[in-house]
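Sequences are here, hints too, so could you generate the full structure?
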Amino acid sequence: MNYPALLPALVLLPLLLAAVTALVPRGSRRTAGAAAASTTGALGIGVVALIGGGSWELALAGWEAPLGITLRADGTSTAFLALVAVVGTAVTVYAAAEPSLAGGPDFWPLWLVLWAGLNGVVVAGDLFTIYVMLELVTIAAVALVALGGRSAASPALRYLFVGVVGSLLFLLAVALVYAETGTLDLPQATAALEPGPVLTSILALTLLGMGTKMALFPLHAWLPVAHPAAPAAVSAVLSALVIKAGVIVLWRIWFGIADGTAAVQVLGVAAGIAGAVAVFWGGAMALRSSRLKPIVAYSTVAQVGYFAIVLSLADGSAAGWSGGVILVLAHGLAKAAMFLAAGTLAFAYGTDRLSRLHGAISHTPMTVAALAIAGISLAGLPPTFGFVAKWQLLVATIEQGEWWWIGVLLLGGLLTFGYTAAMVRATFNRPGDDEVPAPYPVPAILAVVPFILAIASVAFGVFSAGLVDLLAEDPTARGRP
Amino acid sequence: MSLEIGVFDGLLLAGVVLSAVVAVLVPRRTSAVAVFLVFGLLLALLWARLDAPDIALAEAVLGGGVTGALLVDALASKQAEVPRRRSWALATGIIAGIIAFLGMGWVVSRLSEPSGQLPLLVDDHIGGSGAEHPVTAVLLNFRSFDTLLEIAVVMTAVFAATAVSDRSWTRTLSASGELRIIAVVLLPVVSLLAVWMLVAGTTRPGGAFQAGAMVGAGLVIAHLTGTRRTSTRGPWGDALIVLGLVVFILLAFSTAVGGAGWLVLGESWASTAILAVEAVLAVSIGVGLARIFLANRREPGEAR
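Taken in order, these protein sequences are the chains called A and B. Residue numbering for the first sequence follows full-length UniProt numbering, starting at 1 and increasing by one per position. Residue numbering for the second sequence follows full-length UniProt numbering, starting at 1 and increasing by one per position.
Please keep in mind that the hints were generated in silico from the structure rather than gathered at the bench. Backbone N, C-alpha and C define an ideal beta-carbon position, used for all residues, glycine too. Accuracy of the hints is not assured; some may be wrong.
[Unchecked claim] Restraint-style ranges between C-beta atoms, simulated for each label pair: (1) A179/A / L250/B: 35 to 45 Å; (2) V195/B / V165/A: 35 to 45 Å; (3) N429/A / G103/B: 56 to 66 Å; (4) W88/B / V269/A: 21 to 31 Å; (5) L168/A / S115/B: 32 to 42 Å; (6) A35/A / G266/B: 31 to 41 Å; (7) S254/B / V269/A: 25 to 35 Å; (8) V165/A / L25/B: 32 to 42 Å; (9) I181/B / P443/A: 55 to 65 Å; (10) P119/B / T261/A: 24 to 34 Å.
[Stated by the list, open to error] Heads up, incomplete: computed chain A residues facing chain B, CB under 8 Å, no partners named: (11) L16; (12) A61; (13) A65; (14) P66; (15) F128; (16) V462; (17) F463.
[To be verified] Anything over 12 Å on all C-beta distances counts as not near chain A; from chain B, calculated: (18) G10; (19) L140; (20) T227.
Spelled out as structure tokens, the structure:
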């Protein structure tokens, strides 16, 4: 059997299922949608298992690049596909358990389209295909935010404008690549591009476009509005996965074509500074917030800063590259756990104000535990997955001799620890709580799903040595010539 | 590729840039929409001058037609005037625009000469592709996967517009006699244009997207003039909207399982397959565009 032929199915199966699910009457769409999404998750897990540590390539429609389109899956693609499959399945279970936390029957077709786009972004080997996949992701994500009800309309519209501007900037970069090299295939374009102003502009436009989509400071203002406005299941997907699509595209193009010229180095330093400011700004704003979902959203703004710093750290350093990718995975698991747990608490108490959550720790201890464990992984304390990522990045700072990043990494971790503690402390019992009317009872599944994700963000840390080696072999993690 | 820039082209170019700037800066909404429509028209002409008739057609029907209809419709809904723009935001925008314009101009002037290899490759292989027009060959054969994804984007946009609507889909419109005459005159013309654009697409400019826009325009006219059974709201509309993508994906799966590989079209049946796929795509795009237009539309006098 020719296994790489499975790659297009990662995109086309969920798209087909989305179309079919849209025809199912609204009353029974939850069952159909959950079945379709579970199938997509199973396909993802299956493909990840088959790829293993290898890399796949497939030319579509019988035409080799540059005439046709090629799909590619390497170690990084595999790791991200696994993350999408795990978080996607968890979110599917969560959304199927309580429709009000997913935004109703309209959620399912849009979620399947989003899943197709997320799978597609990491297996696309062609720049224009990447652009269309990002469009798919953006349009579906905006519509999912709008499911948050009337109050979500304005954040969704803002998200749409920002997302489309990011797409257009990236499209301009793609157009420059095509005009300069005559090909849209990423490896071919990489080989053909010469250092010069065109190359620098391509990198700058990609950095701006993807910086907008991943909410890199100072282009982040839409995120703390859009992510909390969405239904809980959607917020988790947005923070854990959608942001990462932009990150992966930025990294692939940056590490594919960046050269050592002064202009490119200035861009890298600018991205690093923006990242460092994001770590502090996001952390500080999270500490100042008095509601659960905005805290988690600002925490994402802070974590995105690290992804920009990776542009400096992973430059020719295998440890930096594997640290970056593992940070994507660790943040994905932990942030999905956090947003789902926050959604469960908001569901039980009818609000996500910290001042109203006291007593939650005895009402639904598992949800609070998920919040705490996910926070510890985000902060990068051992033995979590987040620690493995931060450790690799520390090794990279020392390899590169850029020790000042250590301060950013450690202070960011402290801030994360601070706002996690603030969230957990708000759930403690207060004297006299016995007379407070009991909150809405929480279905067990709404507490179990975030808890499992949080446990996963610890467990993967213990067994991650093989993953670190696998990622370090990726072609993207090459040094500069 | 050398371009002779004459007086007409210069004026056209200046007109496009000027109308774009005016459309953004003019404070009144009605004027902004009017200038935007002019901008769309000039842009279509510019594409035609650049020997890109496919893009010119698409810009005329989608950029001018569909977007214009949506904007004019939005104008009709009475809402509070936009708040006054702050002057510093305006100044920042103008300065950033000028810098971006000059910067892009400089970068474009530094591009290498195009090698022209890819167009040659297209010419070499167009014989077995099932389409005589290079744009159609690229869209429906060489890069058919991207086209499939674009159809998925259109479908998702329709889902999105439907999801934010209030689903009051049961109304039927009653039309006056004059409106009926409009329908009787316009609908045959629009249908004919749609079919022509579809069939023409295999040999010359045209294709599923342009034909789909025509279908959409026809459906909107039919609905507004009260023609029966033309509502794109409801389950039949849903089915037609997803039809194009479903057919395209089923074709992809059948070529992967029973054929030579994903989306590989055999030389003997490629032209039939391309025309069939384009036909269903045109229907889906048309119904989808009409749904986007109608999903959130309030009839005159209806409370929001």
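Each hint tested on the structure:
no. : hint                        : in the structure
1   : A179/A / L250/B: 35 to 45 Å : 36 Å, holds
2   : V195/B / V165/A: 35 to 45 Å : 37 Å, holds
3   : N429/A / G103/B: 56 to 66 Å : 60 Å, holds
4   : W88/B / V269/A: 21 to 31 Å  : 29 Å, holds
5   : L168/A / S115/B: 32 to 42 Å : 26 Å, violated
6   : A35/A / G266/B: 31 to 41 Å  : 34 Å, holds
7   : S254/B / V269/A: 25 to 35 Å : 52 Å, violated
8   : V165/A / L25/B: 32 to 42 Å  : 18 Å, violated
9   : I181/B / P443/A: 55 to 65 Å : 60 Å, holds
10  : P119/B / T261/A: 24 to 34 Å : 31 Å, holds
11  : L16                         : 5 Å, holds
12  : A61                         : 4 Å, holds
13  : A65                         : 10 Å, violated
14  : P66                         : 6 Å, holds
15  : F128                        : 6 Å, holds
16  : V462                        : 39 Å, violated
17  : F463                        : 35 Å, violated
18  : G10                         : 22 Å, holds
19  : L140                        : 10 Å, violated
20  : T227                        : 25 Å, holds
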